[in-house]
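K.L.:
Sequence:
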Amino acid sequence: MIRRQPTAISLTSEDIVELEEELEEFRLQREIKAQQRNLQRSATRLAAEDLKQTMPLHDYVAQKSPLQKLSRPDVGVPRPPSESLNVANEGTTGTTGTNHNPFYTEH
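Here this note's numbering is used: the first residue of the sequence shown is 655, the next is one more, and so on.
It is worth saying that the hints were derived from the structure and are not from the lab.
There's no promise every hint is true.
[Stated by the list, open to error] Derived SDA-like pairs: lysine to any residue, alpha-carbon spacing no greater than 20 Å straight-line: (1) Lys-706 - Ser-696; (2) Lys-687 - Glu-675; (3) Lys-706 - Arg-695; (4) Lys-687 - Leu-677; (5) Lys-687 - Ile-670; (6) Lys-687 - Val-671.
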């Protein structure tokens with residue numbers, strides 16, 4: 655294997671100053687980006703915590719829903735199943751001979 659002589663780079667003082675400035679600029683940009691990420695993360699966390707603490711879910715609703723207005727206070731009390739009109743009138747159909755219809759009138 656043949657070895658060659660190492661190459662040496664000769665830099666002037668201006669080149670060194672320029673490289674140092676570029677390195678410093680790179681470091682500052684990296685630090686600024688890291689600070690921006692941290693700031694964005696902390697702002698997002700604070701905003702989420704503020705929403706949870708200051709405005710619970712029920713405060714978002716300015717008025718009650720129409721469905722909530724219709725709910726009765728005795729919702730938990732069980733009630734007997736309702737019967738249809740036909741089932742309720744089955745016992746009376748034999749006596750009158752016709753089905754009773756509240757919307758039907760004979761003239």
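K.L.:
Each hint should be assessed against the structure and marked as holding or not.
P.N.:
Taking the hints in turn, this is what the structure says about them:
no. : hint              : in the structure
1   : Lys-706 - Ser-696 : holds (15 Å)
2   : Lys-687 - Glu-675 : holds (18 Å)
3   : Lys-706 - Arg-695 : holds (17 Å)
4   : Lys-687 - Leu-677 : holds (15 Å)
5   : Lys-687 - Ile-670 : violated (26 Å)
6   : Lys-687 - Val-671 : violated (24 Å)
Violation of the numbered hints given earlier is confined to hints 5, 6; the remaining hints are satisfied by the structure.
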